[in-house]
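The residues making up each chain are set out below.
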Amino acid sequence: MTPECPLPYAEHECLLLGHGAGGRLTAELFDALVLPALGGVPGAALEDAALLPGQDELVLSTDSFVVSPLVFPGGDIGSLAVHGTVNDLAMRGAMPLALSLAVIAEEGLPLAELRSVLVSAGKAARDAEVPVITGDTKVVGRGACDKLFLNTTGIGRRIPGLDPSATRARAGDAVLLSGPIGLHGTAVLSTREGLGFATDLASDSRPLHRLVKALAPCGGDLHVLRDPTRGGVAATLNEIAQASAVTVEIEERSLPVPPAVASACDLLGLDPLIVANEGCLVAFVTAEAAGRALAALRSLPEGAGAVRIGEVTAGPAGRVVLRTLVGARRVVDMPLGEQLPRIC
Amino acid sequence: MKYLDEYRDPALARRLLHELSSVATRPWRIMEVCGGQTHTLVRQGIDELLPAGIRMIHGPGCPVCVTPLETLDRAMAIAARPGVILTSFGDMLRVPGSETDLLSLRARGADVRVVYTPMDAVRIAQAAPDREVVFLAVGFETTAPANAMAVLHAARLGLTNFSLLVSHVLVPPAMTALLDDPDCEVQAFLAAGHVCAVMGWREYEPIAARYRVPVVVTGFEPLDLLEGILMAVRQLENGRYEVENQYARAVRREGNAQAQSAVREAFRVGDRAWRGIGTLPASGLELTPQYAEFDAARRFGVLELTSVEDPACIAGAVLTGAALPTDCPAYGTRCTPRTPLGAPMVSTEGTCAAFHSAGRTRDPHTPADSLSQEPT
Chain G
1 MTPECPLPYA EHECLLLGHG AGGRLTAELF DALVLPALGG VPGAALEDAA
51 LLPGQDELVL STDSFVVSPL VFPGGDIGSL AVHGTVNDLA MRGAMPLALS
101 LAVIAEEGLP LAELRSVLVS AGKAARDAEV PVITGDTKVV GRGACDKLFL
151 NTTGIGRRIP GLDPSATRAR AGDAVLLSGP IGLHGTAVLS TREGLGFATD
201 LASDSRPLHR LVKALAPCGG DLHVLRDPTR GGVAATLNEI AQASAVTVEI
251 EERSLPVPPA VASACDLLGL DPLIVANEGC LVAFVTAEAA GRALAALRSL
301 PEGAGAVRIG EVTAGPAGRV VLRTLVGARR VVDMPLGEQL PRIC
Chain F
1 MKYLDEYRDP ALARRLLHEL SSVATRPWRI MEVCGGQTHT LVRQGIDELL
51 PAGIRMIHGP GCPVCVTPLE TLDRAMAIAA RPGVILTSFG DMLRVPGSET
101 DLLSLRARGA DVRVVYTPMD AVRIAQAAPD REVVFLAVGF ETTAPANAMA
151 VLHAARLGLT NFSLLVSHVL VPPAMTALLD DPDCEVQAFL AAGHVCAVMG
201 WREYEPIAAR YRVPVVVTGF EPLDLLEGIL MAVRQLENGR YEVENQYARA
251 VRREGNAQAQ SAVREAFRVG DRAWRGIGTL PASGLELTPQ YAEFDAARRF
301 GVLELTSVED PACIAGAVLT GAALPTDCPA YGTRCTPRTP LGAPMVSTEG
351 TCAAFHSAGR TRDPHTPADS LSQEPT
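Heads up: the sequence lines are chains G and F, in that order. Under full-length UniProt numbering, the residue at position 188 of the first sequence is numbered 188, and the numbers go up by one with no gaps. Under full-length UniProt numbering, the residue at position 17 of the second sequence is numbered 17, and the numbers go up by one with no gaps.
Honestly, the hints are just simulated from the structure, not real lab data. Where hints are given, some of them may not hold.
Short derived list, chain F residues pointing at chain G, Cβ under 10 Å [stated by the list, open to error]: (1) Ala13; (2) Arg43; (3) Ala52; (4) Gln126; (5) Leu223; (6) Thr336.
Just so it is clear, the structure is predicted and the values come from calculations on it, not from any experiment. Just so you know, even glycine gets a beta-carbon here, dropped at the ideal spot from N, CA and C.
Turn these sequences into a full structure, and let the hints steer you where they fit.
The following block contains the structure:
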């Protein structure tokens, strides 16, 4: 350290909301605190779901849901909790076998609200053809949590021949996106007190495992699968670029940003690339398999809007580059941390 | 989409760039005043596609960036008091004060809330009569009408628990201060479209005439900026120095009379400190005596609070266009969006943050230019 470089002064002594936003602050918290405490390896690639040790065909994933409000256009916390975990399993190439569902609820929550959310979770599970086989219910005093938090844990079985991983992106891979971006985050924000803008935006929350099944014939040509939830496409591509030590180049023109999302982002000063999604996936496939993979995605309603948004190049490791509308290039940075929390 | 896509059309952008190349015969230095314009220029990489010799100088028009450290320290001193709800635009929350920032203060228990309009702060005050609600009123002429309306509305409602911590600044005094500097390199201005939507452009006419400098009122989309630059270069090449309006879809010469009258009722012009630049005479707005009871600095007795800047931060030079963020030794090392030393690294409209998020680097081995060329 030189005299010009004193100790970083912004060492926060307590958690900030941004630590839970899925961006750079979250990564720092993981590497500095969570992983060392739990015996993990800081800096190791983190996947959406883990392979069970000694049982490589099985994957496990867990996710907690704190979205506010509980019901939003296009979904609610119940369906979101099912979709979120089903999708995390699917991103390791697995079909869901079973889910657990845990409830943490605040004293005073109307039973009708709890019922409606759980009925919605049950319906989402049936639609995804996965049973909820165990669960837990805790009630805490007024003010100890905000209405209702849910946790789902899922176990899945991998489709033979598929081994998608954030570490497997290779130069030459095509980068595919299964549908429009920015819908979930902007739909939830549109309901927030103080933001309330009139819109027909609805969350894209839905299960993605059938898309993955449709991609199964790609086999080893399917290198990476990821659903760009918190931190959006920008965070997801940065994580993949880092985990695989490659450069990812995307084309701004080909990004499917629905007009209502573009307008909402313009009003709120947000970049659609960092807005959360709950119903699309990013797939990295070999250039040879790109056409087949796109056709497979488009064969299902949830993938009807699938497009190729870019490719992997042999540039500097961990970099995401956007070719802008006017033809220049800029780096797409890892978002620092979301200013608008509790989106999922 | 109406009013968006047509201003982001790649083919039209290339045509404007081509036209610019054929019009420009000499090097020119043009300042875009507004941080929103800087954001678009850097996000789209427009500044790096301009014909050789045409250089954009990034101006002082980021409201978050020019809000003085004192104001932030005062806001934090107020927010730390029991019973206070401090409301602010989101951008201000991460700006470092002398010791901490509002986000960290909130994590330690202060009631700090993000609002998208000051009218929400008034509503919060109405709903919580036992709390003191303070709105951090920063910004240029663009945000002044809404802040004025909030005060007028609160007065009509008879609210006694609502106040503003005011740090409003005005564009024309900043432009003249820059032009009066003997080292000033700026040869033309892109005036801030949204400021002019409120104020019109009459007040720029004497500046253009006196300093013989073209002023083009310009919007914020990629094509707006390219057209604004082209109009400025045409004037420079022809030796003209007029005020022209590129942003005709939003701006009239007289501006918005109703908004101006709200501002005149609640605020009066006064001297104002600019972060990184210093105090400029008659460069800001303060509450009129009639509405002085809504002044949070008086109400909470924080007027005596003074602050000292981090000596490593060159924000002043960046804000006046005298230096690029990448000229700063702290850029990307001590100073990042994660640990900002100065405000331009915080706001998305801040020049340093815009450079950083676009991956521009000080490292001579990976010059920004290597990212700027479209492959052929």
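Cross-check of the supplied hints:
The criterion of a C-beta within 10 Å of any C-beta in chain G is met by Ala13/F, whose closest approach is roughly 4 Å, and the hint holds. Because the closest C-beta pair between Arg43/F and chain G is about 6 Å apart, less than 10 Å, the hint holds. With a cut of 10 Å, the hint placing Ala52/F at the interface with chain G is violated, because the nearest CB-to-CB distance is about 15 Å. With its C-beta approaching chain G no nearer than about 14 Å, Gln126/F sits outside the 10 Å limit, and its interface hint is violated.
The beta carbon of Leu223/F comes within 9 Å of a beta carbon in chain G, closer than 10 Å, and the hint placing it at the interface holds. For Thr336/F, the interface hint holds, since its Cβ comes within 10 Å of a Cβ in chain G; the closest pair sits about 9 Å apart.
The earlier numbered hints that this structure contradicts are 3, 4.
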